[in-house]
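Add chains B and C to chain G, keeping to what the hints say.
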Amino acid sequence: MTLLVVLDYAAVFVFALTGALVASRAQLDIVGFIFVASLTAVGGGTIRDIILNRDTVFWVSNPTYIGVAAAAAVAVFWTAHLLESRYRAILWLDACALAVAVPAGVAVALATDQPGGIVVIMGITTGCMGGLMRDVVCNEVPLVLKQGELYVTCALAGATAALIALALGASAPLSLLICAGVTFALRAGSLAFGWKLGVYKAYPPRQ
Amino acid sequence: MTLLVVLDYAAVFVFALTGALVASRAQLDIVGFIFVASLTAVGGGTIRDIILNRDTVFWVSNPTYIGVAAAAAVAVFWTAHLLESRYRAILWLDACALAVAVPAGVAVALATDQPGGIVVIMGITTGCMGGLMRDVVCNEVPLVLKQGELYVTCALAGATAALIALALGASAPLSLLICAGVTFALRAGSLAFGWKLGVYKAYPPRQ
Amino acid sequence: MTLLVVLDYAAVFVFALTGALVASRAQLDIVGFIFVASLTAVGGGTIRDIILNRDTVFWVSNPTYIGVAAAAAVAVFWTAHLLESRYRAILWLDACALAVAVPAGVAVALATDQPGGIVVIMGITTGCMGGLMRDVVCNEVPLVLKQGELYVTCALAGATAALIALALGASAPLSLLICAGVTFALRAGSLAFGWKLGVYKAYPPRQ
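First to last, the protein sequences are chains G, B and C. Per the working numbering, the first sequence starts with residue 26, numbered consecutively. Per the working numbering, the second sequence starts with residue 26, numbered consecutively. Per the working numbering, the third sequence starts with residue 26, numbered consecutively.
So that you can see chain G by itself, here it is in the shape it has in the complex:
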């Protein structure tokens, strides 16, 4: 099992947990949990594979991924009530999922010899699109676009860090590890300490 496959499985599992938690906030039934969990879990990677025109989407050639997402959904269905704050759990699990999905996207783009810009975009796409689909479909405010938090920025920084590490001669696995670390550190810092970039503030209009 290659590192790429491990990253894909981990991202699928953790994103599925966040999807199932969002489904619990919408009071869906068990099949609804599995549906939203699967959409969240494989959404970003599916868009990545379609845009890169890979021969088969990753979970079509290996449906075990959907089984993993379904297992995560079932686990959440029976245990979500044990959580003190489901929203807080969603935030932190989503941060973990982002931190494994971004290197998963980077790894696939590197494996297909894409230029640097596309590698970064595929990291962002794989990391952000599943959660965005989850939030749009379930009518939550998208985490990706929440004001005053770092989100896409974390994915951008993580993917860029991987490219820099590779350029400096680091091995591929080490670069992906650095990518995951930078992504998680920035997102966790934003959640825990309120790190952010300046948001656009409307100045008074021209007279």
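Simulated from the structure, these hints should not be mistaken for laboratory data. You can trust all of the hints, since none of them are fake.
The following label-pair restraints were derived from C-beta to C-beta distances: (1) B:V30 with C:L107: 54 to 62 Å; (2) C:T27 with G:N78: 21 to 29 Å; (3) C:T104 with G:T81: 42 to 50 Å; (4) G:D138 with C:L222: 43 to 51 Å; (5) C:A136 with B:A96: 23 to 31 Å.
To give an idea of the interface, some chain G residues facing chain C are shown, with a C-beta separation under 10 Å as derived from the structure: (6) L77; (7) Q139; (8) G141; (9) I143; (10) I146; (11) I149; (12) L157; (13) V169; (14) K171; (15) Q172; (16) G173; (17) E174; (18) L175; (19) Y176; (20) V177; (21) G223.
All C-beta atoms, glycine included, are put in the ideal place defined by N, C-alpha and C.
For chains B and C alone, coordinates are given in the frame of chain G:
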């Protein structure tokens, strides 16, 4: 004309009716009716074809499908006022569309020799995604995710029934018929008699 | 640089401006501006390329497009406060973007020898889908579906005009110019003078 083509046409036509009815609730003009009807009608099958990486999306190789969707939209534009309850019509037409779209998705997946899990997922995708896109774009509460109703469950059960029928030696057309029957029976039972699975209910949080 | 490439760049740049303006209404940070701008800018063309099953999506083979979108986003981040009405600016820039994106979609479909119906649909898809994704993701009322305005109609008329011009013997560049002119004239007329088609009005239900 093969059974697969008949199923695709029927799903396109009935989903287009539901899309046009949603457009009428949003008070769009005739071109808006055709746009929403087409999106709903071919949305699920388009995602199916792209994920399965078929050579051409079904309606690109045969634009008649879009003509069928447009005809359904025009028909609704002139007749929707005859309905006593447009929302009730949307619910029941959507149930019919689901019951033809799921076997259409199953048939395509079988024709490309996918494993069982992917066959079921393609049935669900073809059945549910067009309506989901219609509801997200028109800002309706997605039928797919309505609390306390069976929807994805019907598609899942129908597609699974087709696989079981095939495994028991039924012919492909009979299996698809069983798929349509199971899907429609469950969805109709949910609409008419309130059949449902238990939804997730939040327990009080841990102290 | 062919006409097709010029159209794609122009559509990407102007759609990115609209995406960044919507991001400014949502008070995002600079990376959020670039994310929404890029999604808007390449969304329609990406769906077009995927549906037509082109070998590579246009911006994957040439990431400069994303650079153009990012530049537009940065420019808006620093200058949006100079506008008297950002919403009005979005409306008119979106009209310009529509008028270049529709011929861009038509040109690609013609280059791959699609039948007339698909050419028109690809014009509509390229023109409308980027803005639709922008509005759905940022939770704005989709311009595409705003009641009492021409939008999809403009794209439909523009693409049809290009086909008629070609059939009458016009050169490809002239036909695309006519397409852009018709699209912009209709959309501008709708914005400035309230041109519209009759919308669906519910009659009282049958007794």
